[in-house]
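2 protein chains.
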Amino acid sequence: MHTTDSTETTVTYATLHQFVVSAFERAGLSPGDAKAGADVLVMTDAWGIFTHGTKLLRGYLRRLKAGGLRAKGRPKVAAEGPAWAIVDGDSALGQVTSVFAMETALGKARGCGISYVGVRNSCHFGAAGYYAWLAAREGLIGLSMANDKPSVAAPGSRGPITGSNPIAYAVPAGRHHAMLLDMSVATVAGGKVYAARTRGEKIPSTWLVGADGKPTTDPNGYPEIGALQPAAGHKGYGIALLIETLAGLLSGAAFTSGVGNWLWDDGTQPTHHGAAFIAMDVDAMMPRDTFRRRIEAMVDDIHNAPRADGVARLYIPGEMEWERYELAINKGIALPSDVVASLKDAAAMVDMNFQKLYS
Amino acid sequence: MHTTDSTETTVTYATLHQFVVSAFERAGLSPGDAKAGADVLVMTDAWGIFTHGTKLLRGYLRRLKAGGLRAKGRPKVAAEGPAWAIVDGDSALGQVTSVFAMETALGKARGCGISYVGVRNSCHFGAAGYYAWLAAREGLIGLSMANDKPSVAAPGSRGPITGSNPIAYAVPAGRHHAMLLDMSVATVAGGKVYAARTRGEKIPSTWLVGADGKPTTDPNGYPEIGALQPAAGHKGYGIALLIETLAGLLSGAAFTSGVGNWLWDDGTQPTHHGAAFIAMDVDAMMPRDTFRRRIEAMVDDIHNAPRADGVARLYIPGEMEWERYELAINKGIALPSDVVASLKDAAAMVDMNFQKLYS
Chain F
1 MHTTDSTETT
11 VTYATLHQFV
21 VSAFERAGLS
31 PGDAKAGADV
41 LVMTDAWGIF
51 THGTKLLRGY
61 LRRLKAGGLR
71 AKGRPKVAAE
81 GPAWAIVDGD
91 SALGQVTSVF
101 AMETALGKAR
111 GCGISYVGVR
121 NSCHFGAAGY
131 YAWLAAREGL
141 IGLSMANDKP
151 SVAAPGSRGP
161 ITGSNPIAYA
171 VPAGRHHAML
181 LDMSVATVAG
191 GKVYAARTRG
201 EKIPSTWLVG
211 ADGKPTTDPN
221 GYPEIGALQP
231 AAGHKGYGIA
241 LLIETLAGLL
251 SGAAFTSGVG
261 NWLWDDGTQP
271 THHGAAFIAM
281 DVDAMMPRDT
291 FRRRIEAMVD
301 DIHNAPRADG
311 VARLYIPGEM
321 EWERYELAIN
331 KGIALPSDVV
341 ASLKDAAAMV
351 DMNFQKLYS
Chain P
1 MHTTDSTETT
11 VTYATLHQFV
21 VSAFERAGLS
31 PGDAKAGADV
41 LVMTDAWGIF
51 THGTKLLRGY
61 LRRLKAGGLR
71 AKGRPKVAAE
81 GPAWAIVDGD
91 SALGQVTSVF
101 AMETALGKAR
111 GCGISYVGVR
121 NSCHFGAAGY
131 YAWLAAREGL
141 IGLSMANDKP
151 SVAAPGSRGP
161 ITGSNPIAYA
171 VPAGRHHAML
181 LDMSVATVAG
191 GKVYAARTRG
201 EKIPSTWLVG
211 ADGKPTTDPN
221 GYPEIGALQP
231 AAGHKGYGIA
241 LLIETLAGLL
251 SGAAFTSGVG
261 NWLWDDGTQP
271 THHGAAFIAM
281 DVDAMMPRDT
291 FRRRIEAMVD
301 DIHNAPRADG
311 VARLYIPGEM
321 EWERYELAIN
331 KGIALPSDVV
341 ASLKDAAAMV
351 DMNFQKLYS
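Each protein sequence line maps, in turn, to chains F and P.
Counting from 1, one number per residue, gives the positions in the first sequence under the working numbering.
Counting from 1, one number per residue, gives the positions in the second sequence under the working numbering.
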């Protein structure tokens with residue numbers, strides 16, 4: 001989500017990418033792993049999802065230095081069959097493991113039509129949508145999901161039960177950019193609650209439950225007490241438990257309350273996040289041109305459908321992100337000030353100077 | 001959803017099942033197909049999902065008599081690979097085709113670990129959860145989804161864009177009943193809006209958009225005008241388009257506005273619904289006892305978690321349905337009066353007498 005911050009610093013995609021590669025290398029990652037990590041974080045910024053892009057670099061560097069993330073960790077296939085694999089992340093950077101896992105899924109889907117790869121011993125993986133897009137970029141359908149330290153209530157619970165458990169999909173869409181949805185199972189991101197708290201504002205009663213487990217309009221307890229409400233109540237909760245099943249239970253990772261907080265928990269220890277990736281080979285099932293015609297027709301129909309008064313456009317999932325991406329590539333990425341502040345801290349941790357890159 | 005109707009008629013599971021089998025046979029289905037259809041509808045009633053159980057029999061019989069559903073239709077595998085298949089439903093009863101498709105998926109998942117079966121030339125398939133449960137009953141994880149005639153708005157649209165597009169999953173859960181979620185992508189089922197209209201009540205502003213595409217608390221236009229709102233806004237809309245992709249685009253079925261209304265459109269014509277089924281073989285990836293221990297631990301943790309004041313229990317998806325099922329098996333199925341009225345009509349269509357079964 002684009003922050004509302006009005007003070008922005010514009011850097012080119014290439015400059016930001018090179019900075020992140022260097023920072024990861026200085027923290028001990030191989031050039032290949034550093035590039036994989038930078039690919040994920042900078043693409044996420046280019047999509048305008050600044051909460052999950054390079055702002056996170058600082059936290060990852062801290063955990064790499066403390067040892068809970070292993071700079072030389074090597075994800076590997078721990079078990080596999082024709083259309084599935086379980087990947088052990090070896091406590092490497094979550095992005096490195098997740099790219100490896102989705103690439104494994106793509107290979108298996110090309111042979112079998114569909115594949116599942118479960119991941120254990122991973123960590124926070126950033127934006128789920130990136131890995132789904134790795135599939136769509138090559139003409140396949142991709143799904144990506146992960147569990148996380150609990151922050152979201154179940155209907156009726158007093159505290160958090162599941163993580164915000166991101167889930168994303170991407171579908172190649174012919175002449176259009178890939179259809180791309182990346183969502184959490186909570187009504188809103190915790191960052192929106194925290195921002196309201198900072199501004200001293202009340203929040204809608206659908207965002208949070210308080211210490212008593214009841215809906216509240218008071219953001220002041222969060223994140224220390226209370227929990228986010230699941231999106232659409234039992235529906236968001238139910239999807240959260242499907243994600244726990246595929247990313248946590250079946251992969252051998254931690255699940256629900258067993259998952260660590262990648263940012264705040266002891267940096268010397270692994271968090272044991274789980275993740276899951278599913279790929280589907282469109283080409284195996286339908287001539288590529290047929291699928292292309294069909295999805296283009298669906299997208300065109302939606303674009304041309306009647307709109308409510310005052311609504312300029314109907315969006316396909318991902319369209320807003322792809323328009324920000326085009327702007328980022330052509331005009332540079334306009335980083336909000338909180339991201340810049342975080343990048344300056346990150347640079348200092350590895351004896352670099354971020355400001356030098358653009359001033 | 002259990003109706004709020006206070007006048008109930010209790011019949012045994014076996015009695016109701018035999019009635020539905022006979023009715024389908026009198027409409028021309030083979031004994032095997034009639035049993036498959038009855039299995040789905042009566043199980044759905046036993047779960048207390050009376051909106052999607054035997055109440056639908058009347059509409060299916062009407063379409064079977066008109067020819068839009070083909071009593072002698074035979075679903076078949078039209079194309080396949082190691083872990084996928086496309087099933088052509090041949091305009092058979094949607095339930096018959098869907099059971100065939102999920103059984104095809106189970107066979108392929110046992111060999112490959114995961115499988116996808118897309119379905120075209122199907123019709124309304126009733127409760128998505130039934131087919132997911134077919135997988136869980138045999139120790140596999142199942143997902144089930146379908147598209148439908150548009151009834152749900154996109155954010156900002158003036159009318160419906162996608163179907164209510166049901167999606168369900170089921171996961172075997174050791175000593176517990178299978179975890180089972182069956183949801184639509186709309187905030188609420190259209191039936192709830194219609195019930196409020198019948199009672200002359202206003203509705204919450206999150207349920208419906210009116211003729212102008214704006215949220216409304218007035219249910220009086222529905223279903224002729226307006227559209228249901230997607231659950232959690234762009235999230236429900238995004239999931240609806242994933243379902244259109246897997247159930248409609250990739251299977252070769254109709255999609256979005258191309259899908260017919262199984263109840264109201266010309267009964268002599270097929271509706272071209274699509275569906276998708278995914279199965280995952282837990283046993284291939286993890287020792288069965290290990291998975292069982294893990295999911296039992298997750299369920300137990302949730303059951304034991306702190307609750308908000310006044311909340312007696314935290315539920316796992318499906319628990320309410322399974323408790324109604326136990327009651328239905330032991331004490332009979334308490335059919336609401338609208339279901340009984342529909343069954344009496346259905347009986348008359350095939351020269352049977354429903355009332356004779358229980359009075």
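Check before you lean on any hint, since a few could be wrong.
One copy or two, either will do: identical chains are not told apart, so a pair holds if it fits within one copy or between any two.
[To be verified] Simulated crosslink set (DSS-like; lysine-lysine; CA at most 30 Å straight-line):
| hint | residue 1 | residue 2 |
| --- | --- | --- |
| 1 | K202 | K331 |
| 2 | K72 | K214 |
| 3 | K192 | K214 |
| 4 | K192 | K72 |
| 5 | K344 | K356 |
| 6 | K72 | K356 |
Source of the hints: derived by calculation from the structure; they are not laboratory data.
Each hint tested on the structure:
Proximity of K202 and K331 under a CA criterion of 30 Å is satisfied in neither setting, with 36 Å inside one chain copy and 49 Å between copies. Taking identical chains as interchangeable, the C-alpha atoms of K72 and K214 are never at most 30 Å apart, the minima being 45 Å within one chain and 54 Å between chains. Proximity of K192 to K214 under the C-alpha cut-off of 30 Å is found in both arrangements, the shortest distances being 19 Å within a copy and 25 Å between copies. Proximity of K192 and K72 under a CA criterion of 30 Å is satisfied in neither setting, with 35 Å inside one chain copy and 56 Å between copies.
Taking identical chains as interchangeable, the C-alpha atoms of K344 and K356 lie at most 30 Å apart only when both belong to the same chain, with a minimum of 10 Å there against 80 Å between chains. Taking the closest pair of Cα atoms, K72 and K356 come within 30 Å of each other only inside a single copy of the chain (29 Å); across copies the shortest separation is 75 Å, beyond that limit.
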